[in-house]
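Chemist: Which chain is which? The protein sequence lines are A and B, in order.
Numbering that gives the first Met the number 0 numbers the first residue of the first sequence as 0 and each following residue consecutively.
Numbering that gives the first Met the number 0 numbers the first residue of the second sequence as 0 and each following residue consecutively.
These are calculated hints, taken from the structure and not from any lab test.
Any given hint could turn out to be false.
Repeated chains share a single entry, so a pair holds when one copy, or any two copies, can fit it.
To be verified - In silico DSSO-like links for lysine-lysine, alpha-carbon gap of 30 Å or less:
#1 K224 to K278
#2 K169 to K319
#3 K319 to K308
#4 K111 to K63
#5 K169 to K63
#6 K80 to K277
#7 K319 to K111
Protein chains: 2
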Amino acid sequence: MLANPFYSQELQGPFQLYDLGPSFTLEEGGTLRGAQLAYATHGRLNKAKDNVILIPTWYSGTSKIFEQAYIGKDRALDPSKYFIIVINQLGNGVSTSPNNTAGTGGRGGFPKIRIGDDVRAQHQLITARFGLKSLALVVGGSMGAQQTYEWAVRYPEMVKRAAAIAGTAKNTEHDFLFGQSLIDAITSDPGWRNGWYESHEEVRAGLIRHAGIWSVMGLCTEFYKQEIWRGLGFSSVPDFMTNFLQTYFCAMDPNALLTMLWKWQRGDVSRHTAGDLKKALGRITAKTFVMPIDEDMFFPPRDCLAEQKMIKGSEYRVLKSVCGHLVLTGFEADFRHQVDAHLKDLLSLRV
Amino acid sequence: MLANPFYSQELQGPFQLYDLGPSFTLEEGGTLRGAQLAYATHGRLNKAKDNVILIPTWYSGTSKIFEQAYIGKDRALDPSKYFIIVINQLGNGVSTSPNNTAGTGGRGGFPKIRIGDDVRAQHQLITARFGLKSLALVVGGSMGAQQTYEWAVRYPEMVKRAAAIAGTAKNTEHDFLFGQSLIDAITSDPGWRNGWYESHEEVRAGLIRHAGIWSVMGLCTEFYKQEIWRGLGFSSVPDFMTNFLQTYFCAMDPNALLTMLWKWQRGDVSRHTAGDLKKALGRITAKTFVMPIDEDMFFPPRDCLAEQKMIKGSEYRVLKSVCGHLVLTGFEADFRHQVDAHLKDLLSLRV
Numbered sequence: 000m001l002a003n004p005f006y007s008q009e010l011q012g013p014f015q016l017y018d019l020g021p022s023f024t025l026e027e028g029g030t031l032r033g034a035q036l037a038y039a040t041h042g043r044l045n046k047a048k049d050n051v052i053l054i055p056t057w058y059s060g061t062s063k064i065f066e067q068a069y070i071g072k073d074r075a076l077d078p079s080k081y082f083i084i085v086i087n088q089l090g091n092g093v094s095t096s097p098n099n100t101a102g103t104g105g106r107g108g109f110p111k112i113r114i115g116d117d118v119r120a121q122h123q124l125i126t127a128r129f130g131l132k133s134l135a136l137v138v139g140g141s142m143g144a145q146q147t148y149e150w151a152v153r154y155p156e157m158v159k160r161a162a163a164i165a166g167t168a169k170n171t172e173h174d175f176l177f178g179q180s181l182i183d184a185i186t187s188d189p190g191w192r193n194g195w196y197e198s199h200e201e202v203r204a205g206l207i208r209h210a211g212i213w214s215v216m217g218l219c220t221e222f223y224k225q226e227i228w229r230g231l232g233f234s235s236v237p238d239f240m241t242n243f244l245q246t247y248f249c250a251m252d253p254n255a256l257l258t259m260l261w262k263w264q265r266g267d268v269s270r271h272t273a274g275d276l277k278k279a280l281g282r283i284t285a286k287t288f289v290m291p292i293d294e295d296m297f298f299p300p301r302d303c304l305a306e307q308k309m310i311k312g313s314e315y316r317v318l319k320s321v322c323g324h325l326v327l328t329g330f331e332a333d334f335r336h337q338v339d340a341h342l343k344d345l346l347s348l349r350v
Numbered sequence: 000m001l002a003n004p005f006y007s008q009e010l011q012g013p014f015q016l017y018d019l020g021p022s023f024t025l026e027e028g029g030t031l032r033g034a035q036l037a038y039a040t041h042g043r044l045n046k047a048k049d050n051v052i053l054i055p056t057w058y059s060g061t062s063k064i065f066e067q068a069y070i071g072k073d074r075a076l077d078p079s080k081y082f083i084i085v086i087n088q089l090g091n092g093v094s095t096s097p098n099n100t101a102g103t104g105g106r107g108g109f110p111k112i113r114i115g116d117d118v119r120a121q122h123q124l125i126t127a128r129f130g131l132k133s134l135a136l137v138v139g140g141s142m143g144a145q146q147t148y149e150w151a152v153r154y155p156e157m158v159k160r161a162a163a164i165a166g167t168a169k170n171t172e173h174d175f176l177f178g179q180s181l182i183d184a185i186t187s188d189p190g191w192r193n194g195w196y197e198s199h200e201e202v203r204a205g206l207i208r209h210a211g212i213w214s215v216m217g218l219c220t221e222f223y224k225q226e227i228w229r230g231l232g233f234s235s236v237p238d239f240m241t242n243f244l245q246t247y248f249c250a251m252d253p254n255a256l257l258t259m260l261w262k263w264q265r266g267d268v269s270r271h272t273a274g275d276l277k278k279a280l281g282r283i284t285a286k287t288f289v290m291p292i293d294e295d296m297f298f299p300p301r302d303c304l305a306e307q308k309m310i311k312g313s314e315y316r317v318l319k320s321v322c323g324h325l326v327l328t329g330f331e332a333d334f335r336h337q338v339d340a341h342l343k344d345l346l347s348l349r350v
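Let's have the full structure, built from the sequences with the hints guiding it.
Modeler: As structure tokens, this is what we get:
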């Protein structure tokens, strides 16, 4: 196990832990022993247990960053109305991950995880710990959207509403290659040592290269052309690079990022239907909003629209921002307002 | 000097060499001593010397690949009508470059080159060797478009027509960061050794990562979604990666690529006008076609359109392809036909 303060209760909490039991078998064949999901709740579960919103996390994200961006009184995700459970995905550094797993099964020996593993683990948590039979809404962005789709396909009877923000049900080849470039940026660092570094700081050069590729694909041309970074408090693009993207990613655990990247590359609900995506999405009974970001360079609206058309009764709601994918992290007020407005619409729909 | 067969007469020729003289001083302060431009000509110069088409090369490109894609009888660039001069940009591996320069000024010691240096060198070639006073057309793609804009701004009295395909007059911040990610992919390879490797094969891992980033930014989402690679003779995306992109880039000299990348990042005609792009583009008197590729991920139409609006009497001609930027290399027949049609229109305009 590695000490990394970024994933601590102090920075990411308060969160609770749920034990997945002595052994949790993974789709790829590995087993997590004594694994835990870290989750945060907001608001109170009502007697009918029908006011639950479940939120899975995105790549590199934690329950905390989601809370800070999207949860609050009078927001769509309002703890005074809903019981909101934000669950850290496996491998994100906070839930069971390479950095907090002891022995040969941790760090460079951590097993491969699939989106389906996350959703099964989350299902176990909400049924065993809270006795839930339905979810008023599952909402997630990016890899959180991948998990949202997986929820809606795998447990259609439970998911009443679903909002997939800036993500796809089946990852594209292009997105796979983007993920590979991020993996290569980290694993090419000699300090990575096949995952057996002693501190994430030994992999700083790789994490900086990884941040560099995010600067291209994670924002977009207009973000730089319009110098949106100025409004975020940065004096130049190098200042933005160093003190936003590099600071953000260099605090993280490289193996955790790699675990999520491998999982992200392979997100695909059609694994339930022998590769038939239409059939898989046809299983969805949730009222579903498909919400791409118009300038997203790797989950482009076109790809999301193609999937939306396969989901009965779904709606296509495009989010507008000149910031690209990373606006998801919540740094633009207008974007947050758009998300709120769409989610309020969705939550107001009778199911 | 390094032996690299990719840049030989056998593979890139026939080309001629033009001596730039004992010393050619560069904008950044360095000097090339005994530098040479490699160029290929097609067709014959007429008596009036008014049938000349000048073509500068793109990133990683050579005079040969341009010839194979765009020059031919009954094409727009028809050697039976025009005297066509394709000039390899400095640092591209064929003209004076890190790999073919001896001593401490070669390889890792090769100086920084600017787009303006190329265009001055090309001007010297065509005036001293051919006595040219005007160019019927300057046309280039990508970095070739950067040089085309530089020609039209620097020597407006000479350039009668200009076609800038998939490139900008002033490079964007986003594009700079894309270039940086490519630089980082190469220079992070321990085999690069600050440019003092003994063979480009020592930098293979870096070149493969560089190819990986091109797979994301150089094509586009639809290229993969529609499996266009199948039509190019590949059986899978990994096959396309290995036997197209990796084969293509791994043959090249890493320092040559780095020389071009540094230059590409800083292409900017507003250096002539103290940063005033509108004023710089206002100098252009050539009939100019601005020809972006609709799915280009790093020279997007929007950026090209903004520049086109600053050029008097210019036309905006969008090229359509689901292949993204690298379609420029000529692998799609319909794209080649579109380029030909627009260039024929441009060449038919009276000036």
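Chemist: Each of the hints needs a verdict: does it hold here or not?
Modeler: To see whether the hints hold, each was checked on the structure:
1. Only between protomers do K224 and K278 lie at most 30 Å apart by alpha-carbon distance; the minimum there is 19 Å, versus 42 Å within a single protomer.
2. For the identical chains of this complex, K169 and K319 are neighbours both inside a copy (23 Å) and across copies (27 Å), given an alpha-carbon limit of 30 Å.
3. For a Cα distance limit of 30 Å, the shortest separation of K319 from K308 qualifies both inside one copy, at 20 Å, and across copies, at 25 Å.
4. In the homo-oligomer, the alpha carbons of K111 and K63 lie at most 30 Å apart inside one protomer (25 Å), although the nearest pairing across protomers, at 46 Å, exceeds that limit.
5. In this homomeric assembly, K169 and K63 come within 30 Å of each other (Cα to Cα) only inside a single copy, at 27 Å, whereas the closest approach across copies is 41 Å.
6. Proximity of K80 and K277 under a CA criterion of 30 Å is satisfied in neither setting, with 35 Å inside one chain copy and 55 Å between copies.
7. Taking identical chains as interchangeable, the C-alpha atoms of K319 and K111 are never at most 30 Å apart, the minima being 35 Å within one chain and 40 Å between chains.
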